[in-house]
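Q: One-letter residues, chain by chain:
Number of protein chains: 4
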Amino acid sequence: MADSQRLSGIFTPNVVPLDAQGEINEAETRRYVDWLIERGVHGLYPNGSTGEFPRFTAEERRRIIEIIADQTAGRVPILAGAAEANTRETIKACEHYHELGVRAVAIVSPFYYKLSPAGVYAYFKEIADNSPVDVTLYNIPMFASPIDVPTVQRLAEECPRVVAIKDSSGDLPHMMRMIAKVRPLRPNFSFLTGWDAALMPMLLLGCDGGTNATSGVVPEITRKLYDLTLAHDLDKACKLQYRLLTLFDAMLLSSEFPEGFRSALRLRGIQTGVGRQPQSPTQQVQLHELSNQLQCLLAEEGFTQEPIGGCPVGESLKGGGVDSAAVDRIVDSVVGELRRRGMS
Amino acid sequence: MADSQRLSGIFTPNVVPLDAQGEINEAETRRYVDWLIERGVHGLYPNGSTGEFPRFTAEERRRIIEIIADQTAGRVPILAGAAEANTRETIKACEHYHELGVRAVAIVSPFYYKLSPAGVYAYFKEIADNSPVDVTLYNIPMFASPIDVPTVQRLAEECPRVVAIKDSSGDLPHMMRMIAKVRPLRPNFSFLTGWDAALMPMLLLGCDGGTNATSGVVPEITRKLYDLTLAHDLDKACKLQYRLLTLFDAMLLSSEFPEGFRSALRLRGIQTGVGRQPQSPTQQVQLHELSNQLQCLLAEEGFTQEPIGGCPVGESLKGGGVDSAAVDRIVDSVVGELRRRGMS
Amino acid sequence: MADSQRLSGIFTPNVVPLDAQGEINEAETRRYVDWLIERGVHGLYPNGSTGEFPRFTAEERRRIIEIIADQTAGRVPILAGAAEANTRETIKACEHYHELGVRAVAIVSPFYYKLSPAGVYAYFKEIADNSPVDVTLYNIPMFASPIDVPTVQRLAEECPRVVAIKDSSGDLPHMMRMIAKVRPLRPNFSFLTGWDAALMPMLLLGCDGGTNATSGVVPEITRKLYDLTLAHDLDKACKLQYRLLTLFDAMLLSSEFPEGFRSALRLRGIQTGVGRQPQSPTQQVQLHELSNQLQCLLAEEGFTQEPIGGCPVGESLKGGGVDSAAVDRIVDSVVGELRRRGMS
Amino acid sequence: MADSQRLSGIFTPNVVPLDAQGEINEAETRRYVDWLIERGVHGLYPNGSTGEFPRFTAEERRRIIEIIADQTAGRVPILAGAAEANTRETIKACEHYHELGVRAVAIVSPFYYKLSPAGVYAYFKEIADNSPVDVTLYNIPMFASPIDVPTVQRLAEECPRVVAIKDSSGDLPHMMRMIAKVRPLRPNFSFLTGWDAALMPMLLLGCDGGTNATSGVVPEITRKLYDLTLAHDLDKACKLQYRLLTLFDAMLLSSEFPEGFRSALRLRGIQTGVGRQPQSPTQQVQLHELSNQLQCLLAEEGFTQEPIGGCPVGESLKGGGVDSAAVDRIVDSVVGELRRRGMS
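Protein chains in written order, with our numbering: chain L, 2 to 345; chain E, 2 to 345; chain P, 2 to 345; chain G, 2 to 345.
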């Protein structure tokens, strides 16, 4: 490996700002990169799920990495999402991103078709054997073929290029099982969690960091939670984890992913533009309501002003925040659904 | 609509033959098109799941339609898979395929992200409002966001361009619920089943046809089953449906989809080449064994010779065929898995 | 076997009428037995899921069979639900019901714990080896450990006492796979479907009958559908299957099972009493509304008067009946949920 | 409430020792109670899932509580599983257990039928309004209708008798959402986790204790993990949590639950007898192999001798223990299955 150090810290899976024509807004993307780095994120992770890689063309995905690598200019490491239509195209992307100087690529497990563990293994093996840059496995069973523990172990054993896994299952014992199997064999192999709701306990039980969508919106909080946890300042970390959970749930569960993150980011002054997935009229109304709720949450954290109508008294992050019983029920059923799909 | 007649009959979701370099084998693709039309399929359905559309680049997907439209030359209608990265790209594909003279496009519901019914509606509404060619909805909940009955009904009511649904859920009462809702409003709306295992009962209960992967391998059988069913020759149809189920299960369940179909097609003399999804060494051995089993099944139907070692005595399509108890168990667990994912 | 004839026809999984104190209403239960037999059901199936066997004590379950066996007095065969806390208690129940003259018992697969196929096999093997009466396997993967095809085949081979399976998965190809495996070995083995929504196609593809909850409410329709299908009067059967689906969905999907069946049965003049599962105030309001909708559906079939406020014009069984788009959405999501749980 | 103090600490869901005839072994049960209390568990939890309450008759369930209450004689609090066939029978059990002096009852959510949140609410409301003893909700979505966050919140608000929830979902953010909602309203409401694999992080994020099956086999370890975690001795706690995970997985995932716990307990000298769920010949062989593996794990912890053939060198709890890649795969697929069913 070019780099013997474990990947660690908070990598931001950044949203891609779009302009009025729905095209990549390069200027705002560059401004957003600076904004994130100034607020302390340890790295960037373009072309992740939050970055909506499947909604861009292959050319656009390349351009996104090019812009971000150029703007970052080595200030922080980049983990570049590189999954393309097939292994040959993916390897070509690895080669290109390697030339751009990214620290590693991240490859999501095959999706649409649901592959068996043998198929998932064969897919990553071929890529790892041909990539000139370090590879991070990306496990997100909610959306893609799951990467099971024996497959991670086998790839870690056979492929020096595979240096990390990003796991968005949110399943703590699953993460522990991977760590127990792989760390003795590959001490520098890195484990990153993509599930903000469990960041603190994941770190306490051995994770090296996270690729957390909240860090794209409230990098100050996600980064602080990381620091407090590593310092074993448990009481403060615990309280902050609860506040992050409230924000995470509000952004994740009340709209089509990642529209909630896009809305919240707008409240922080980044011109994200309108997403590429069309929204029905009903959804647009719901997004507007969500935006008001998010504004109250962000105002409580001191990141923005309250909305014009003000926020409900006593609706605080500590006491439960924006949720009525009805919203709770929705949140709960969505969480149930996520769990059924293998996430959480 | 240009054409007031319902889509009906058997549309073949064709495999794409590849050459030794893994590129589209144009000559063999053209030969395969002729082979299928000569054997009686009513239409072609390129860029479907069997055609592995997600494993080709956007340029390749266009070329596949161009080759097939050119070779078909109007002999049978074409249903062209047109899903691209986002609605804008998809609409561009619709425009291009319209110019090529396809009968309709088929658009799979958004995948990777799992959208709510409101999101699925908004997606298809935007496409249908902008497509110059008739649109078939493609529901395959195993792989993509499900299209529920109220969404189908709403799209049928609001969008004259939406003329059909291809449903691969395999759920008969679900199909009946759609027919009950939509047929009174849109008598020419067509219902096609993608689940070969239930083709006969689907047709008996009102479906207009199917997009059936078996018709790409044994078009003689799938077509005959269609004809027998429409003629209400129930005893013969029932027996043939059981034989088709055996073939379908063998091709579907013993390997990564659609490798089993690719293997079987090779036995019929079409040079399919090696698929783009890498296979582990274990998987390659299994595929070889499967190929022998498929050869016995096809030999029994008179489509090929028995393999050199011969076939097990009494292993016939009627009596259960190639399966040992162990294989049965695998088949069963896979079916269970499919069901959990919303198929079957 | 005492009886070499296949179990066949429509067996009614009867609701148990309760009195004002929530106790078994023996008189009404006897009256209901006569009512059903007079309307042509081929057999009775007490202590099924519709009969809410888990909500009665062991003593009550015995008493239910005693009352029904006594009242039936041999007019139709009885399939007696006999699952108890463990195999020893279940075998005792088999012995008792055998003395009462039931045709066979039906044993649901173990529930609460989800057993592996090996565990399901061991459970039924022990019961079958010790039961003095024929045993019907009861597969209802929505509620209990699934019984997979190899397990059915193995039990059919090893246990002469096992003479049938009642399958409520609603999965047509699954039923066909079982028939393909078992019928060559045991020609008298019987296949009964518990999924009213697919009764006609199940019968056409080889099932011997059904244990259908609708037959407890509209025995005239379920029985007629059975007769029309066996006579291959396909057009009439198809129309009736659609009407039965509408009734089935309305009773199944708009309330906690089996409250919808209980409500509909009340409309037919059977005093079912209030069920044992408490209903929240909201649920009680919903049940009242459902009852009005059911009354319209039953009035259309000529089984009852319209409710006092009348029924919506044009709301007919043919055109879609009682459902608004909102109800449709609920129905659809419930169906999706059922499918996820392995049913349908 | 009789007791204003929160339920806290480790409650052991005890296995029920059976004699050679399969009957409750009272003498060994009493000895086991003493053994557990001597090893430091904070309370007992008879008639839980580990105690196989559904495999005993109603009379046996009562007798189990009677024996354990008598033998405990007030040394530790008892949480008595009290779920019966319906609310009336359950309330009778609550009354009886109250007279026996149990600290609280634990009621599993309705199972077999899968109830909606409204149905789950109505069920617990009726019980809580009529129970003379404190009630613990028992959420185990793998086996029973899930209890969602809004339902927990509503019951906590309306029912002073409901004082705790035992949650076996293993979902950490889910537990946090419940705590965030309920603790501000009911500071003495207790949260207990039934998922040993995440005990340490659950405690760190606000849980009051656990009802952990491992504490019935290795009470020394589970108790020590609890103490280390509360003392914020994070490094030692983390290592012990990993060792507990290895033991938990070995007992949970390699056999039908709870046979692995039964086997391990035998190795510790408790005569558990043979379980009531029959085991196929294959399963018996597998249980024998598992027992050898468990013996090695327990020997490493100093709780027993190595088996006669010795243990594999280097097979230690730290390095991954008993698992070959094949076992790993099984473990992984079982975990995946559990996750699909809503656990983990």
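To be clear, the hints were calculated from the coordinates, so they are not data collected in a lab. Being a predicted model, the structure only gives us computed values, none of them experimental. Honestly, I wouldn't trust all of these hints.
No copy is singled out in the list; a pair is fine if it fits within one copy or between any two copies.
[To be verified] Here are the simulated DSSO-like pairs of lysine-lysine, each with C-alpha atoms no more than 30 Å apart in a straight line:
| # | residue 1 | residue 2 |
| --- | --- | --- |
| 1 | K126 | K93 |
| 2 | K225 | K237 |
| 3 | K93 | K115 |
| 4 | K126 | K115 |
| 5 | K126 | K237 |
| 6 | K225 | K126 |
| 7 | K237 | K93 |
| 8 | K225 | K240 |
| 9 | K93 | K240 |
| 10 | K237 | K115 |
| 11 | K93 | K225 |
Q: None of the hints should be skipped; say for each whether it holds.
A: Hint check results:
1. Within a single copy, K126 and K93 get their C-alpha atoms as close as 15 Å, which meets the 30 Å cut-off; across copies the closest is 35 Å, which misses it.
2. In the homo-oligomer, the alpha carbons of K225 and K237 lie at most 30 Å apart both inside one protomer (10 Å) and across protomers (25 Å), since each shortest distance falls under that limit.
3. With identical chains, the CA atoms of K93 and K115 are at most 30 Å apart both within one copy (24 Å) and between copies (28 Å).
4. Taking identical chains as interchangeable, the C-alpha atoms of K126 and K115 lie at most 30 Å apart whether they share a chain (17 Å) or sit on different chains (28 Å).
5. In this homomeric assembly, K126 and K237 never come within 30 Å of each other (Cα to Cα): the closest approach is 42 Å inside a single copy and 36 Å across copies.
6. Within a single copy, K225 and K126 get their C-alpha atoms no closer than 37 Å, and across copies no closer than 42 Å, so neither meets the 30 Å cut-off.
7. Taking the shortest Cα distances, K237 and K93 never come within 30 Å of each other, neither inside one copy (45 Å) nor across copies (46 Å).
8. Proximity of K225 and K240 under a CA criterion of 30 Å is satisfied in both settings, with 12 Å inside one chain copy and 25 Å between copies.
9. Taking CA atoms no more than 30 Å apart as the test, K93 paired with K240 passes in neither setting, with 45 Å inside one copy and 42 Å between copies.
10. Neither within a single protomer nor between protomers do K237 and K115 lie at most 30 Å apart by alpha-carbon distance, with minima of 41 Å and 35 Å respectively.
11. Neither within a single protomer nor between protomers do K93 and K225 lie at most 30 Å apart by alpha-carbon distance, with minima of 37 Å and 46 Å respectively.
Violated hints, listed in ascending order, are 5, 6, 7, 9, 10 and 11; each of the other numbered hints is respected by the structure.
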